[in-house]
Every structure is written in C-alpha cells, then in structure tokens.
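Q: Residue-level listing of the chains:
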Amino acid sequence: MVEMSGAKALLESLKKEKATVVFGIPGGANLPIYDALVDSDIRHILCRHEQSAAHMADGFARASGRAGVCFATSGPGTTNLVTGIANAYMDSSPIVAVTGQVATPFIGKDAFQETDTIGITTPITKYNFQPRKASEIPSTIKKAFYIATTGRPGPVLVDIPKDVQSQIANIDFPEKIEIRGYKPNGVPEMESVKQSARLLSEAKKPFILAGGGVKVSNAYQSLQKLSEFLLAPVGTTFMGKGCFREDHPLSLGVVGMHGTPEANKIILETDVLFAVGVRFSDRTTGNIDEFCREAKIIHADVDAAEIGKNRIADIPIVGDADQTLQKLLESLRKRMSKRKRSEWFETIRHVREELKDNSETKETGLTPRPILKTLRRLLPRNAIVTTEVGQNQMWAGLFFESYLPRTFISSGGLGTMGFGFPASLGAKVAKPDVPVVDIAGDGSFMMTENSLGTSIVDKIPVTVIVLNNSVLGMPAQWQRFFYNRRYSAVELKRIPDLVKLAQAYGAEGVRVGSTDEFERAVKTALNSEVTTVIDVPISPEEDVLPMVPPGNGLSSTVGVA
Amino acid sequence: MEKNYLISAIVEHKPGVLHKIANMFSRRGFNIDSLSVGDTVGKNLARMTITIKGDEPTAEQLIRQLGKLIDVINVTTLDPQRTVERELALIKLKLSTPEDRATIMDYTNIFRGRVVDVATDSVIVEITGTPDKMNAFINLTLRFGIIEIARTGITALSRGPESIPIENKGEEKW
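Top line first, the protein sequences correspond to chains Y and A. Each residue of the first sequence is one higher than the one before, counting from 1 in the working numbering. Each residue of the second sequence is one higher than the one before, counting from 1001 in the working numbering.
Hints were generated in silico from the structure; no laboratory data involved. One or more hints might be untrue.
So the derived list for chain A, only partly shown, Cβ under 7 Å to chain Y, looks like this [stated by the list, open to error]:
id, residue
1, 1023
2, 1057
3, 1071
4, 1073
Even glycine gets a Cβ: it sits at the ideal position worked out from N, Cα and C.
I would like the entire structure built from these sequences, with the hints used as guidance.
A: Take a look at the structure:
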C-alpha cells in the first residue's frame, strides 16, 4: 500500500503495463492526470484533435501488437475520440482510452463538459469502466489492458471522474486480476479440427481465406506452412493483407469488392473454403447468397459470436488462429503426405499468369498504379504503410504488395477518412527504425492534416504521399458508375497548396510531375529528419478497377484489364 | 422456422450491466418478448430470463452475442420440456355490479390465484403460472373491465439437479 493520488496511480499502473507512450490532449476534466504527467517519465505526445489521438494509439497498436494508450478530457474531448474508438473496435485493435469525467457529485447534473461517456461508448468498446474510487484505478487499468489485448482484441475505455483523479488514497497494485465472465483462452476443440482435416484432405480445390485474426495471433508462419502443405491458394480479406506474403506463388491477393481478379475468380471455384480469422464482411464476400455457394465452409475464429453471424459454417472452430493452424496441420500430417501438384495447382498457376498484375512498366504516366509499384520497389520489405480511406486505399490494396504482417495498416471496417496520417505517426512511434509511409488522398489527408504539428514538434518523421485529384474520389467514382455522372458535392475545387501547407508546419513539401521525380522525392523523404508531404497530382477521372459493384456476387467483377 | 426460445443468463449484479445487455439487443436488432432479472445464488450475481421469438440461427446468435459480453458469466437455452416456467401478474379489475366480486373470486380460485386488494369499485388479483394461463385469465376477465395489469415476465429453472455453472465461463463461449 502506498499513499498517492488517483492520477499518479493511473500513471504507475500504465507503466506496470509497459505503456511508456500516451497520445492525448488535456482539458478541464483530466488536469490532475496532466499534472501528474509532469513528474512522470511516460512520453506524452500532444495531438491536435482527439480523433487523431485515438488513431495514433490505434496505429501504435497495429504496428506493435501492444495496446496503444490515449487521453482525452470529458465532453467534447471524449466525443471527438469516439470516431477513433469505433474505428479500433471495427478492426479489433487494442487501445486503452482514458477519459476525464466531471467530478462525481456533478455526474448526471448536465455539468459543464459532461457527457454520458459510458452510454456513448458502450456499443463501440469491448468494455468500459468508470472507477468511483482512486483505490479502484490500478485493478481497473490492469483489467483494461488484459481485456483489450487478449482474445479478439478491441478498445477499452476508462472514464475517471476528476475528483477520483485527485483523491489521495492508499493504493495497492494487484499482481493478478480475475474477471469471472471473461475467459479468452482460445484452445480449439480437437474434434472440429479433426473434422476439418478430413474435409481438407478430401478436398479437390481447397482455398484459404485469411483475415485480420491471423495477424493478431501472429500466425503468419503457420498459415504459410498449411498453405504449402495443402498446395492451397491463399486469398486475404482487406484486413488480412500482409498476413501471407503477396509474392508467394500461392498468394492471390485480396478478395472482395476491390480484390484482385485472380482471387475473386479462384475463390468461387473452391470446394472447401477454410476461412481463418475472418468475419465474412460484405466488402469481402459481395452478395453473401452467391458467395461460395457450393463449397463446404470451415470457419475458424477466436470470437464465437462470429460463427454463423454472416455465413453459416459447416464446421466452426472457435480458437486462436495460430493454435488452430498448428493443430490442423498436425492432424493433416497424420492423414496424408504433402499434397502433390494437381489440376487445381495448375488452374491457379494458369489464372495467376493470366490475370495477375505483374508488369511494372505498362504505364509510365503519373497514375496510381506505377506510383505505387515504384513506391514498393523503393521501400524495404519491412516498411510500414498506412492508408487513408477511399480510392487511395483501394489502389494501395490492389497495387502495393505487402509481405509481412503488421506492415499494411488501414481502416477496414469503419472506413474512417483521416485515419492514415495519425496512424502512421503512431506506427512510427512504435517502430522508430522502420520507414513509415502514409498513402493518402487529398480529401482524407485534409481531415487530420493538423497532425503535421505533432509530427514536427514530437519529431516523428513519416512520408505522406498524397494522390491528389482534388475530388472526393470514391464518391465521385460511384457517382460516375451508378448515378450517371451526376456529380454532387465531390469536387473540392481548391485544395490548399500542399507544399506550402507542409512548409507552414515546418515539414518538407514537394510536388512531383513524373515517376522519375516521384522516385527522387521518395528517396529524399526516406532520409529526411522531418515529415515530408509528396503532392502527386493525378486525374480526377481515375477509377479504382477492377470492382465488384455493391450488392453483386464476386463473379460480377467489372473493369478487368 | 420461428419458435419461442427461453434463455437464462447469469450476469454480474452491478450498475450498468442491464444497460450493456439491453444495448447489445437493440444494436444487433434482437427483439425481446420478455425479460426478468433478479438476485440469484452466488455473490453479486443476478439471473436473467429472456424469451424471444425467432429461428434457430437467430437464437444461436443471440446466445453467442450474450456470451461474448464480459458481464455475462454464463448463458444457456432452456428446453421447454424440462423446464419450470412461471410468470406473476397483478390484475386490477373494475367492480360494476354486486355480483362481480363473487364471480371474480370464483375465477380466481379456479386459476389458483389470490385476491390481494379489495376496494369498493375494484379488486387486484394475483395470478402465477405460465403465460398461457395468464392470458386465459385475462381473456376471461376482460368483460369486467381491466384497469391495469403488471406482469413480471417469465422466469424459469430447468427441472432436476443441474444448474448453469457460475464459476467459469466455458471455453466454448470464447
């Protein structure tokens, strides 16, 4: 037992969870915490908007696999965090958000900057807490980290009233905590693993669909072993991009609305679909009634509530992805020897040769494809790429190959414009020795561009590549395709001069007019001590293709070159 | 095929839990027919009985989503064949003619209910039983004029010695 304030207890508890960095903004209701920060060696990174604080914590979490922490004050501070928390929830990213709340006697009185934080965040957090005594803070923080990072990860919010932050109490830091309603052990049931092994050993055309869960459980190697043993091709969901290296002969890239033509073609031919760490999102499956109708489905996920939510599985396996993959491979080895090249393998090879976008030099103009192919060539394999949301994101999904887990970071579920830049800063804080690049569009970048301030002041150098078409590109594309080119409110008309904007913050800014200039700019940016914004003007008529129009099955891909 | 499902959950008995559970129901679009909550065996635990109408996949999803909530210790469906189900209703009836009181008391006796309040123009009847029995009594007494009804919602226990484990959430829940 040590006597200290709730605020100090919070910071000590964070350190015990090895959280050494916090992204946040102070305000009236969290001042005691910020006062305690003065004497703490926790690194605080001052954000320019709370949404960015949550995205930075999220980017930190996705790059490192550890929980990211963010602070905000009550009321507007908290409601500004909401987008970032919802984003982390949809993509199962572990963040711990600590919000200030009005003092306990004022709760429920509509006090200044009071908002029902618990009510607002219940549907977008894995769990939320409101400790009412300083002595509850250490166990609450320990629980928050445990819940956020185990099982299916997700955001946890701790809402601390101001008087609880400043209350002096005898504080005890528990070594262990017990949450009786939460047992995230993900040991898969052997019976379903055996059934799956039988089905897969008898399959003529097995296909592996790998999702974000493979990244979460670090199952990268087990997945590759299984794929090679079965000679089964791997398509990933958008969230799974990077969990299977995309230059592997069995990789087909991303499946879905803006998936690769080869992945969308082959997945529909499978007789046994092994889906691991996926939730059968509408963006992945297209029209679910047409998705792999004839195939048997094995669905492995750590979250039992995903089983049967969007697609009924023939064999469900509830468990950790890595353990499931290992046990499955073990079980398969008992039944069969490594599969030999068969007709299925030849089909895959043939379709890959026919459809895969291999050539690097088809186009040389300043269009997304050669830009992203050039970028890939210039970056080391372990470089981290984040994306904004919209066309830039889907181009990155299609044209920028990813080779390692946690190197492709994007807002998949919520589709949050403004995510990429702050997330890239969070990722860079987690991995300071790795180059970090945000692939951006002008519309998205403008939503959180003020994080340039944080990037300069807190010395977090990243490279932002703005594919600048001066329109909100994805809505423009949909209006072109589905609304007869009746453009409505998509032209931004006047984007500020991004070079001057970057310079105004003290960052580097450069505009390029050719792929050669782009190449030089990237090389310079990667060696720069400060963040560089590379403005790449592109045509507003540029589409993301191929595409499966919404509501259609994956067979209805349009725009295959 | 639409069926009635009877679901029991053991949950943490602390502020905010009902909010989290109700929020999940509305957010996921589950329609609840009735819900009752009360203290149960075990420290700081409550038992919740939920009835829904739906097909099997819906019921299964609801159970999985409930089981996923951290404040839910355990959850199970109850087999109607092996379950004791009860509901309690308080029904306030109008007395218009002198004979009404005697007739209502007769009906109440037949339904093994009790008259728990008598005034000059009204009585309150307490009826316990299955929802069917409750509905039958209400239909029978409609003609007197029902002033108010308060029903608790169904509560239920499985027959025989087994119970919902409260120590540990089974691994199949995660």
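Q: Taking the hints in turn, state whether each one holds.
A: To see whether the hints hold, each was checked on the structure:
no. : hint : result
1   : 1023 : holds, 5 Å
2   : 1057 : holds, 6 Å
3   : 1071 : holds, 6 Å
4   : 1073 : holds, 5 Å
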